[in-house]
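Protein chains in written order, with my numbering: chain A, 1 to 278; chain B, 1 to 278; chain C, 1 to 278.
Derived by calculation from the structure, the hints in this document are not laboratory data.
Glycine included, each C-beta is placed from N, C-alpha and C at the ideal position.
Hints are not guaranteed to be accurate.
As the list claims (entries may be wrong) - Incomplete in silico selection of chain B near chain A, CB under 10 Å:
| no. | residue |
| --- | --- |
| 1 | 157 |
| 2 | 170 |
| 3 | 232 |
| 4 | 245 |
| 5 | 276 |
As the list claims (entries may be wrong) - Here are some, though not all, of the chain B residues that point toward chain A, as calculated from beta-carbon distances under 7 Å:
| no. | residue |
| --- | --- |
| 6 | 140 |
| 7 | 168 |
| 8 | 256 |
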Amino acid sequence: MTDSALRLRVIVETPAYWRAVFDSPPFNIVDAAMFQGLQDLLARMDADPSLRVVVFDSANPEFYLSHFDLTGKIGNIMTAVGPSGLPILVDTFVRLTKSPVVSIAKIRGCVRGVSSEFVLACDMRFAALENTRLGQPEVGVGLHPGGGGAERLPRLVGRGRALEIVLGASDFDGDTAARYGYVNRALPDAELDGFVDVLARRIASFDRRAIAAAKSLVNQVSLPPADQLLEALTSFQTALTWPEAQQRVQALLKRGLQRDVDFENRWPTVLDTLLETR
Amino acid sequence: MTDSALRLRVIVETPAYWRAVFDSPPFNIVDAAMFQGLQDLLARMDADPSLRVVVFDSANPEFYLSHFDLTGKIGNIMTAVGPSGLPILVDTFVRLTKSPVVSIAKIRGCVRGVSSEFVLACDMRFAALENTRLGQPEVGVGLHPGGGGAERLPRLVGRGRALEIVLGASDFDGDTAARYGYVNRALPDAELDGFVDVLARRIASFDRRAIAAAKSLVNQVSLPPADQLLEALTSFQTALTWPEAQQRVQALLKRGLQRDVDFENRWPTVLDTLLETR
Amino acid sequence: MTDSALRLRVIVETPAYWRAVFDSPPFNIVDAAMFQGLQDLLARMDADPSLRVVVFDSANPEFYLSHFDLTGKIGNIMTAVGPSGLPILVDTFVRLTKSPVVSIAKIRGCVRGVSSEFVLACDMRFAALENTRLGQPEVGVGLHPGGGGAERLPRLVGRGRALEIVLGASDFDGDTAARYGYVNRALPDAELDGFVDVLARRIASFDRRAIAAAKSLVNQVSLPPADQLLEALTSFQTALTWPEAQQRVQALLKRGLQRDVDFENRWPTVLDTLLETR
Numbered sequence: 001m002t003d004s005a006l007r008l009r010v011i012v013e014t015p016a017y018w019r020a021v022f023d024s025p026p027f028n029i030v031d032a033a034m035f036q037g038l039q040d041l042l043a044r045m046d047a048d049p050s051l052r053v054v055v056f057d058s059a060n061p062e063f064y065l066s067h068f069d070l071t072g073k074i075g076n077i078m079t080a081v082g083p084s085g086l087p088i089l090v091d092t093f094v095r096l097t098k099s100p101v102v103s104i105a106k107i108r109g110c111v112r113g114v115s116s117e118f119v120l121a122c123d124m125r126f127a128a129l130e131n132t133r134l135g136q137p138e139v140g141v142g143l144h145p146g147g148g149g150a151e152r153l154p155r156l157v158g159r160g161r162a163l164e165i166v167l168g169a170s171d172f173d174g175d176t177a178a179r180y181g182y183v184n185r186a187l188p189d190a191e192l193d194g195f196v197d198v199l200a201r202r203i204a205s206f207d208r209r210a211i212a213a214a215k216s217l218v219n220q221v222s223l224p225p226a227d228q229l230l231e232a233l234t235s236f237q238t239a240l241t242w243p244e245a246q247q248r249v250q251a252l253l254k255r256g257l258q259r260d261v262d263f264e265n266r267w268p269t270v271l272d273t274l275l276e277t278r
Numbered sequence: 001m002t003d004s005a006l007r008l009r010v011i012v013e014t015p016a017y018w019r020a021v022f023d024s025p026p027f028n029i030v031d032a033a034m035f036q037g038l039q040d041l042l043a044r045m046d047a048d049p050s051l052r053v054v055v056f057d058s059a060n061p062e063f064y065l066s067h068f069d070l071t072g073k074i075g076n077i078m079t080a081v082g083p084s085g086l087p088i089l090v091d092t093f094v095r096l097t098k099s100p101v102v103s104i105a106k107i108r109g110c111v112r113g114v115s116s117e118f119v120l121a122c123d124m125r126f127a128a129l130e131n132t133r134l135g136q137p138e139v140g141v142g143l144h145p146g147g148g149g150a151e152r153l154p155r156l157v158g159r160g161r162a163l164e165i166v167l168g169a170s171d172f173d174g175d176t177a178a179r180y181g182y183v184n185r186a187l188p189d190a191e192l193d194g195f196v197d198v199l200a201r202r203i204a205s206f207d208r209r210a211i212a213a214a215k216s217l218v219n220q221v222s223l224p225p226a227d228q229l230l231e232a233l234t235s236f237q238t239a240l241t242w243p244e245a246q247q248r249v250q251a252l253l254k255r256g257l258q259r260d261v262d263f264e265n266r267w268p269t270v271l272d273t274l275l276e277t278r
Numbered sequence: 001m002t003d004s005a006l007r008l009r010v011i012v013e014t015p016a017y018w019r020a021v022f023d024s025p026p027f028n029i030v031d032a033a034m035f036q037g038l039q040d041l042l043a044r045m046d047a048d049p050s051l052r053v054v055v056f057d058s059a060n061p062e063f064y065l066s067h068f069d070l071t072g073k074i075g076n077i078m079t080a081v082g083p084s085g086l087p088i089l090v091d092t093f094v095r096l097t098k099s100p101v102v103s104i105a106k107i108r109g110c111v112r113g114v115s116s117e118f119v120l121a122c123d124m125r126f127a128a129l130e131n132t133r134l135g136q137p138e139v140g141v142g143l144h145p146g147g148g149g150a151e152r153l154p155r156l157v158g159r160g161r162a163l164e165i166v167l168g169a170s171d172f173d174g175d176t177a178a179r180y181g182y183v184n185r186a187l188p189d190a191e192l193d194g195f196v197d198v199l200a201r202r203i204a205s206f207d208r209r210a211i212a213a214a215k216s217l218v219n220q221v222s223l224p225p226a227d228q229l230l231e232a233l234t235s236f237q238t239a240l241t242w243p244e245a246q247q248r249v250q251a252l253l254k255r256g257l258q259r260d261v262d263f264e265n266r267w268p269t270v271l272d273t274l275l276e277t278r
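In isolation and in its complexed conformation, chain A is listed as follows (with noise of 0.2 Å):
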């Protein structure tokens, strides 16, 4: 197996049905190998006639799929086109929303920034009640949402709440992500693989050209515009370069992130006196 083949392990439940797996230790960074395990997947979904639904899932429980790597190994995933003629960030996302496959997150433990793009990008998402961290805390690195995270909860959970989440820069749980609308449910988490499984099922045991249809249907009235989310990309492209962000990403690593397990599950708390020992 490749190295991207193995941070993103896909199991065959049947052939209507997959599971596709996080498992990059420690805390399951987004780096450009999990990318490439995305594109290398949304390959295998396209040629795949059988494929009704994949459900995402995570080997760590505390880290459903972290953040970006912070420490240089994104690779060209914001410069190279993907197979829709979009930049590869924007691409996956991009493909994830209008395959005719279904995807669904299941989640449980810490989804932030990048990784709260992805679950966005999925077609539903369900949550433990019991140790979700959902948040985009971009802005409290000095940075801004750039995979879709500023497009798509506006239209999930409203002006007010969008900015609430992206101005905060804060986590939120399974509990108030679920009143929010960002995402579908909150369920005890020893009711969610249940649940998820369930309707993964009975997904699967539908009609591909319904499934399809509908899901087009849906989709054009609900996905933003591709030049908003190349906009948003762009900005944050030149947002990367500036000093101030510079300096908030060097206090993170420089307090443990991607190193602390204890620093890397809780960062966020931190992000208001992040500059205070300068």
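For this one, chain A is given, so just place chains B and C on it according to the hints.
Using the frame of chain A, we list chains B and C on its own:
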């Protein structure tokens, strides 16, 4: 009274407040006669300058309005055009949304498919907590929503929950429907009539011009464009010709749809096993 | 201090975090002077590069900001234009939404009509569970929302709930407002100040460029276009000339509006009997 007038009885509570009661035993199936009843009502609504509000109610607490007749009695509602120039099915719902008269759906029991699309075309929806079963089960029958459900739901509940409703093809109870925004509120059955009656009489006491102007402003930012509604209907007509859809419809009828009250109550629960006994 | 500066006092908590306090006894009625206070504040906000966030608060826990002055003291806010080229009423709200500075409404007490439209133009809204009375009662006065309520509410709460709020013309308490998405959250009164203060100080610690870029991206997919806001205002000005509206306004003033504290607190409850004593 005509057959249609019997199926949709109009009770004039006051000159400004009418109740329209679905009363087509045993299940309040939606057929051509029911649409004729709605068209006749819309003509009466248009012609009466005293009217402010119509509450849509059901004579059958188990079946508010069940679903499209699947035995062929839907006449020409998808081909003949109504006063708006749109096919009768779309015309009925579009004229209801644009009417200067306010429409309120008071929901008890089963409301599936085209019936869900009817309540989505009403200005407001209030549901009983105890026995509401609301859903868009079309995909589970090899079809997809064709009467506006795919266009109206994402604006009300967001893309993720709209896809769960449409692709999952399950019933939603009153509490979940209210949490999702599918209905305005779910109330205990014993309080539902009182709540809706107070609201309807209140609106009925207001000025027609003020109501019409306010609704028109809200409509401008909230109604789906007619071309999207038409595209969904055209796609639905194509789907009706798909062999897999016809096979699923026949399986449903064979199992008891439109005949057996118990099956009629719970048929979405069996959609994932529909073709197993082939 | 000018009259306007007295009515909208600015408290500089830190260079990055101000509080603006409505303080126009006895009811915080919205008149031309209050709009002048908001215009002056917007000019100060535009001129200060240190500022990140303004919390809008009230000196009166019963009346956050009550409603438009109905005795004629609204000056030329609908005809004279502001810096954006839009009429002052629309200009004030549009500039607040587009400002690089974050605005947070911290709500206790009555917030009706144009005051509801003010909080809808703030970036976020947090309300006390115990005594919030939020609403758009214009239709019950023979008018309709003219300051953006009809354009902003459907995007926040969906068409059905927006029509319930606008056509029902009733007050909404904090809990219902939060369930509908009318406010971000409703918190116990004892927790409201602390929650908002922590959020405001957190945002105040972030970089101005990051905040501005993030808000701008969210705005692009969530703000109503200026022409729709203008159309609503024009329609509202016409409605003010309707005899039925003038009659209802006079009936309200006669019953105690803007004079009697008890009536001022509960006037939407009598809107359905307003013309009975003619």
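Which numbered hints are broken by the structure, listed smallest first?
Of the numbered hints, just 8 does not hold.
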